[in-house]
Amino acid sequence: MTVTPSVLELKGEMLMLNVLRLQDVNVDNIEAALQKKRDEAPMFFIQSPIVVDCSDLSAEQGNLLDLRALRRILVKMDFVPVGLRGISNSMLAASMSAGWNVLRSATKRPAKLKKATETVVNNKNWLNENNQDKEAFTQPEKDVTKIEEIAEIRAGMTIERPVRSGQQIYAKNADLVVLSQTSAGSEVMADGSIHVYGPLRGRVLAGVKGDKTARIFCRSLEAELIVIAGCYQLLDESNTDLKGQPAMIRLEDEKLIIEPLD
Amino acid sequence: MSKVIVVTSGKGGVGKTTTSAAFAAGLASKGYRTAVIDFDVGLRNLDLIMGVERRVVYDFVNVINGEATLRQALIKDKRVDNLFILPASQTRDKEALTKEGVESVINELKEDGFEYIVCDSPAGIEKGAFMALYFADEAIIVTNPEVSSVRDSDRILGILQSKSQAAINGETVKEHLIITRYSPERVNNGDMISLEDIVNILSVPLLGVIPESKAVLQASNSGVPVIMDVKSKAGQAYMDMVERYLGEDVPHRFLDVKKKGFFKKLFG
Ligand SMILES: Nc1ncnc2c1ncn2[C@@H]1O[C@H](COP(=O)(O)OP(=O)(O)OP(=O)(O)O)[C@@H](O)[C@H]1O
Ligand SMILES: [Mg+2]
Numbered sequence: 002m003t004v005t006p007s008v009l010e011l012k013g014e015m016l017m018l019n020v021l022r023l024q025d026v027n028v029d030n031i032e033a034a035l036q037k038k039r040d041e042a043p044m045f046f047i048q049s050p051i052v053v054d055c056s057d058l059s060a061e062q063g064n065l066l067d068l069r070a071l072r073r074i075l076v077k078m079d080f081v082p083v084g085l086r087g088i089s090n091s092m093l094a095a096s097m098s099a100g101w102n103v104l105r106s107a108t109k110r111p112a113k114l115k116k117a118t119e120t121v122v123n124n125k126n127w128l129n130e131n132n133q134d135k136e137a138f139t140q141p142e143k144d145v146t147k148i149e150e151i152a153e154i155r156a157g158m159t160i161e162r163p164v165r166s167g168q169q170i171y172a173k174n175a176d177l178v179v180l181s182q183t184s185a186g187s188e189v190m191a192d193g194s195i196h197v198y199g200p201l202r203g204r205v206l207a208g209v210k211g212d213k214t215a216r217i218f219c220r221s222l223e224a225e226l227i228v229i230a231g232c233y234q235l236l237d238e239s240n241t242d243l244k245g246q247p248a249m250i251r252l253e254d255e256k257l258i259i260e261p262l263d
Numbered sequence: 010m011s012k013v014i015v016v017t018s019g020k021g022g023v024g025k026t027t028t029s030a031a032f033a034a035g036l037a038s039k040g041y042r043t044a045v046i047d048f049d050v051g052l053r054n055l056d057l058i059m060g061v062e063r064r065v066v067y068d069f070v071n072v073i074n075g076e077a078t079l080r081q082a083l084i085k086d087k088r089v090d091n092l093f094i095l096p097a098s099q100t101r102d103k104e105a106l107t108k109e110g111v112e113s114v115i116n117e118l119k120e121d122g123f124e125y126i127v128c129d130s131p132a133g134i135e136k137g138a139f140m141a142l143y144f145a146d147e148a149i150i151v152t153n154p155e156v157s158s159v160r161d162s163d164r165i166l167g168i169l170q171s172k173s174q175a176a177i178n179g180e181t182v183k184e185h186l187i188i189t190r191y192s193p194e195r196v197n198n199g200d201m202i203s204l205e206d207i208v209n210i211l212s213v214p215l216l217g218v219i220p221e222s223k224a225v226l227q228a229s230n231s232g233v234p235v236i237m238d239v240k241s242k243a244g245q246a247y248m249d250m251v252e253r254y255l256g257e258d259v260p261h262r263f264l265d266v267k268k269k270g271f272f273k274k275l276f277g
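One line per chain: the protein sequences are A and B, in this order. In this text, residue positions in the first sequence follow the working numbering: the first is 2, and each later residue adds one. In this text, residue positions in the second sequence follow the working numbering: the first is 10, and each later residue adds one.
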């Protein structure tokens, strides 16, 4: 028996990649918006793979998109363009001639699911294309969806001790978790959401920089003041029957909604 | 191993000095070598309550300034063995307390074999109070059953766990709660906050409840720590507190009978 020397190993691997979901086809606008994002964390984006998702674009919009220019600006910004996904049939030829690989769409958007024949075309495209981004093409489709979710997770800040009267805690660009109580006369703030696992008694300000989706969760609602994205309410002036109860507070149409938490 | 324990409250007149004197005398009476330091520079109360005011020659600030040795300034109690008092200066201002100075005195006491170093804090959250808590391993928070006192205790707890040396080193200062001047009748009248509410608001383990008692003023007028008045309720409550601190399982007394259910729940 002879031992064949190994030629290659093929395996699926999880890989962190960015998904750029386009809502506009004007390349200048895309460049400006992306540059802004990139400037917030330049080190994070250097040489990082990026997938362009076109599922929010209509077929007409898709045809107006300058795919060559898009690829150029991504490379210029040090991204590694991996491929396009969620494109309409009419974009297929243009995509390939502009040097883009086409990935299968994430399954969570059924309206954009490709027909079987197209999938074959795409698959062929994956295998035949021989370029630097090979590793990314071999990963299973479901991983792409997973990674997109991971990319949206926000870092958090955890405080283990009580936040006492006169103390102020601010979780910048993050969610805040307080494992103990917050006292009357204290102030807890976060750019994201706030979770308090002891009684919440002081002032609480979520979405400080204007994030209207930020929420407040607490085990016992006894706060003096509740604020989400600048909309505020004094608990004393609220007619909620959840005082002293587990509660979630969110913003809907510029109004604070206090709901039971269970 | 020596322990530095600060007796603090934020609010003034709640019973810090009374508690410091009683606690230190109680520890010493149990055989522990104990020093109690008066940090209330400018007011000087501890020596009065402990009946040693006539024996004060040198004080805490003299030691810090190198004008006297620690040995010269420490006053040995004549009634309780193992008990020493380091009085405050009546004439200096609070700025005389420096971090380095306080640290060197505390270190010298430790080297001298003192097992407990009790720091009687002045009221407020300024220099004197800060110095008293800065080197603490543990804190006794003295609270009266009223809103402003509880709020100030909460505030001082925040300072303790963020500004003390232990906090800066990422450790926590062990907290104990003492509720003084407690009057079950007045709680039932609604004049005072209940024990249950205080413990709930502060979420600090309860070490003792000292009832409102005339014996406290009488004791301080005669210069005897109230803990030595073994017939008084306040004296007994302070001794219970000391024993509880030393790890004995002592039930709380002198509370309204109706409150028993709650304490069974808390400590049972
Ligand atoms: N349990 C008690 N019953 C009755 N009176 C008390 C009790 N505890 C303290 N007092 C009284 O309250 C007053 C203040 O007590 P003390 O000097 O111990 O408080 P303090 O917190 O040290 O005050 P300061 O903030 O001025 O240092 C004194 O007159 C004392 O006799
Ligand atoms: Mg005092």
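Don't take every hint at face value.
As the list claims (entries may be wrong) - Far from chain B, by Cβ distances over 10 Å, these chain A residues were calculated: (1) V8; (2) V81; (3) S98; (4) V164; (5) Q234; (6) I258.
Stated by the list, open to error - In silico SDA-like pairs for lysine to any residue, Cα to Cα no more than 25 Å straight-line: (7) B:K172 / A:V178; (8) A:K210 / A:V178; (9) B:K87 / B:K172; (10) B:K136 / A:G186.
Stated by the list, open to error - Not close to chain A: a few residues of chain B, all C-beta gaps over 10 Å, as computed: (11) L52; (12) K87; (13) K119; (14) E120; (15) G199.
If you are wondering where the hints come from, they were derived from the structure by calculation, not from laboratory data. Glycine included, C-beta positions come from ideal geometry on N, C-alpha and C.
Cross-check of the supplied hints:
Every beta carbon of chain B lies more than 10 Å from that of V8 of chain A, the smallest distance being close to 54 Å; the non-interface claim holds. No beta-carbon of chain B comes within 10 Å of the beta-carbon of V81 of chain A; the shortest separation is about 41 Å. Its beta-carbon lying about 60 Å from the closest one in chain B, S98 of chain A satisfies the requirement of being farther than 10 Å from that chain. Chain B draws V164 of chain A into its interface by the beta-carbon criterion, the shortest separation being 8 Å against a cut-off of 10 Å.
Distance to chain B confirms Q234 of chain A as a non-interface residue, since its nearest Cβ pair spans about 22 Å, more than 10 Å. Against chain B, the non-interface label of I258 of chain A holds: every CB pair exceeds 10 Å, the least being about 28 Å. Between K172 of chain B and V178 of chain A, the direct Cα distance comes to roughly 22 Å. Compliance with the 25 Å bound is thereby established for this hinted pair. Taking the CA atoms of K210 of chain A and V178 of chain A, the gap is about 18 Å. The hint holds against a cut of 25 Å.
Distance check on the hinted pair: K87 of chain B and K172 of chain B sit about 37 Å apart at the alpha-carbon level, beyond 25 Å; violated. With a CA separation close to 22 Å, the supplied pair K136 of chain B and G186 of chain A stays within the 25 Å bound. Remark: the non-interface label on L52 of chain B is consistent with the geometry, its nearest Cβ contact in chain A lying 24 Å away (cut-off 10 Å). Remark: the non-interface label on K87 of chain B is consistent with the geometry, its nearest Cβ contact in chain A lying 41 Å away (cut-off 10 Å).
Interface exclusion of K119 of chain B from chain A stands, the closest Cβ pair being 27 Å apart, more than 10 Å. The beta carbon of E120 of chain B is kept farther than 10 Å from every beta carbon of chain A, the shortest such distance being approximately 32 Å. At the 10 Å boundary, the C-beta of G199 of chain B stays outside the reach of chain A, the nearest C-beta of that chain being 19 Å off.
Of the numbered hints listed earlier, those contradicted by the structure are 4, 9.
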